[in-house]
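Participant: The chain contents come next:
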Amino acid sequence: MDSAAIATEMLSRKFSDVMAVEDVNLQVAAGQFFGFLGPNGAGKSTTIKMLTGLLAPTSGKIKILGLDLATHLTEVKRQIGVVPESMALLGRLTGPEYLNFVGRMYGLDRETAAKRSAELLDFMQIADQHRKLITDYSHGMQKKLAMAAAVIHGPKVLFLDEPFEGVDAIAAGTLKSMLQRMISRGATIFLTTHVLEIVERLCSHVAIIHHGRLVAQGSLEELRAGVESKVAAANGDSIQANSSSNAKLTLEQIFLLTVGGSSSTERELSWLS
Amino acid sequence: MAGLKTAELKTAELKDSELGISASPLSPLTAIVVVRWQIMANSLRSTCGRVDLFARITMWVAFTAAGIGGAYGLGQQAGRFISQGRAEFISILLWPIFVFWQLFPLLTTAFSENLESSSLLRFPISYRTYFFVRVVSGSLDAANALGVLWLLGIAIGITSVNKELLPWSSVALLAFATTNILLARVLFVWLEHWLARRRTRELMAILFFLLIISAQLVGPLMTGALSARMSADSKPHTTPISRGLGAAQRLLPPRLAAATIAESARKNPRARTEVFLLLLSYGAIFLLLLHLRLRAQYRGEYLGEASSPSDVAKTRMRYAGWDVPGVSAATAAVLEKEFRYLSRSGPALLTFVTPVFMLLVFRSSGRGFFLSDSPQYAFPFAAAYSLLLLANLIYNVFGADGAGVVLFFTSPASFRQVVAAKNIGHAALLTADFAMAGIAAALLFSIPPMSIVAGTLAWILFAVPINLALGNVISILSPKKLDWGTFGRQRASRIAILTSFAVQIFTVGIGAGVWLTSGRMGSVWFATLIFLALAMVSVAGYKFVLNRIDSLAQKHEEALIFELAKS
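Protein chains in written order, with my numbering: chain S, 1 to 273; chain A, 1001 to 1567.
Just chain S, with the same shape it has in the complex (with noise of 0.2 Å):
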């Protein structure tokens, strides 16, 4: 567990009577690229919200780059960087004094701070709307701004909860560049999303939940043999028709066979003509 850059062990969130996560044991090793995946509701926030500080857990242990989150909360929060769901902007700053603002937050020098914003922002293709108010941002613009605002302190592991969500395929481009060239310099990348191709192309390494617990953790080749393995052991049709034309599962459909997804396709509303 120590050796890891993100560590849980039998990590657990109750609300009222419901376990959102229960006994999760993650270990994400450093310089990886892991996706975490799961259906809605599946736990994913939650977990990612525990890992990050903002949601204190019922039970279990986290360690971030082999500091308890516990007890060093402070010194993991300077070692991390967030992009989380509600992309935590202030709409009524703008661009370059958002930016300013989270530096500094994060304990940057004033110099420092207004350097990396601007080449943060000239990156990130932002820089000709320094004068406009976040609020007025387009949400894909929001975006690179809240991952330029995650990055500005250089962390050395970085967690993001949906960041291609209503992000142009070019501004997509910029925010995948940025993260593996993140990967190649020893960060940890810990990334949340419903897309699965974008897991499937950058990630090295995937977890699977699903009702509040980790079915699947491993490498792709690994989740890939486990699931082919474990349905051609209870019979699978579709499996050997697909082991008989050689192709490989694709992460959709390791994702479906493992948390046990059916295709609503065939059925039909009666009043959508």
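If you are wondering where the hints come from, they were derived from the structure by calculation, not from laboratory data.
Just to be clear, a hint being listed does not mean it is correct.
[As the list claims (entries may be wrong)] Computed, partial: chain S to chain A, Cβ under 7 Å:
hint	residue
1	F15
2	R78
3	S86
For each residue, glycine too, the CB sits at the ideal point set by N, CA and C.
Since chain S is already given, all that's left is putting chain A on it; use the hints.
Facilitator: Just chain A now, with coordinates in the frame of chain S:
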């Protein structure tokens, strides 16, 4: 492709009834009422929601009492004017109602609930329905309820003395009420439009300033006119400006409504019809202005600030934040952020300058108010009023941050640092407001004696830490998301409102008690000593709260983020 076209045509041919769509404008209104009810009912699941409901009921009881009490008093006075044969004097009663009706929702945005147009325009509703829903849903607020109650009181007062006046007084007051409701809606939608752009926002701040100053002239004008006409022996001492303004106010809705009743009492149908038609024309103009704005909204206008081509050229502009000596980078950052938010908020700037306006009002209202007899107390009065007005800010310190509050939890800066920085910012704002109030009090009334200045400053040292300490706690326990960029549409926490009122009553009550006691003891300086002793206790209380703010925030982190980050 052909199949697709057929499908499109088939869908287009379907009638609303076949699709299960109701064409009634009442349908969306009913849906809004139901959804508000459901939101309220669902909020009762939490303790905070139940306390909020209790606070809401308490406030409505207070409003009802003010409404019924005011209606009774106004009705009595209106009846007296009728029995004295001075029906036109009813305008003296209608003017304050008019001013209250228009200014109360703007100055106390906490009590007004407005509908977000974008949330309504998502749905396939006709313009007629949109207009109807915007007018009706926006009219369900305290100012309208009180205004209508007071007018009802006046109508009852008039008819209790002269039953023949029932039809025309009812019609005139109904037209007056409608004019007020429409004008309030017009002010909201147009202000919202102008404040959406930075340049017009700045211009609006100046215009609003001038508007309020001109509104203050109504008081002396009415007082002058009243005293001149009440005493037959004395001649009115009016200036050309006040005579001009007096003539102008005769053409404005309060006077026109009163004139309709007066001409009816004099049995002068022609003059009555003329003034009544003039009153109706105001309603028509306001209706048209409202239509213009709502029509533009309905058609989907863009209120943002698109960057000009010149902005695009100015890329790579480096922006360095504030350098505040003696404080940490995080504290300086929060201070700067608070300043920028305040300086970009029309309502906040208006709140900031209101105490000076109030001194102007009391200065111009002449006799009858205690400041005219005791001008040395203008400074303490303005200081207490400043604190009361800024309570909305102090008791909801994270309201304007919205989803940005998450950043305070994800950053390594302690919550104590964040709260302390916000408190420093608000204390600086209060200091500036107190200084401005002090200068205005000296210029408008008299330079207060040193003993009063020292006593007031000591009272401030006692009252401000209490407000900041409780404000910090309430801000965490009962936050409400606010948009400082718009007038109205703000739903401050009722718990915050009630707590702030209770604290103001407590601090002002103690202040008044100490002033009176020290006055009776023969030395006002004695008040300073007592306030300083109390200030030591309140500063200790503030420190006590601030030292525990991290654990309190951690305990209520989820609820705080949930409330402020929700869209």
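Participant: Hey, does the R78/S contact hint survive, CB to chain A under 7 Å?
Facilitator: Holds: closest Cβ of chain A sits about 4 Å from R78/S, inside 7 Å.
Participant: Holds or violated: is the Cβ of S86/S closer than 7 Å to a Cβ in chain A?
Facilitator: holds, 4 Å
Participant: Holds or violated: the hint that F15/S contacts chain A, with Cβ atoms closer than 7 Å.
Facilitator: violated, 9 Å
In terms of the numbered hints stated before, the structure departs from hint 1 and from no other.
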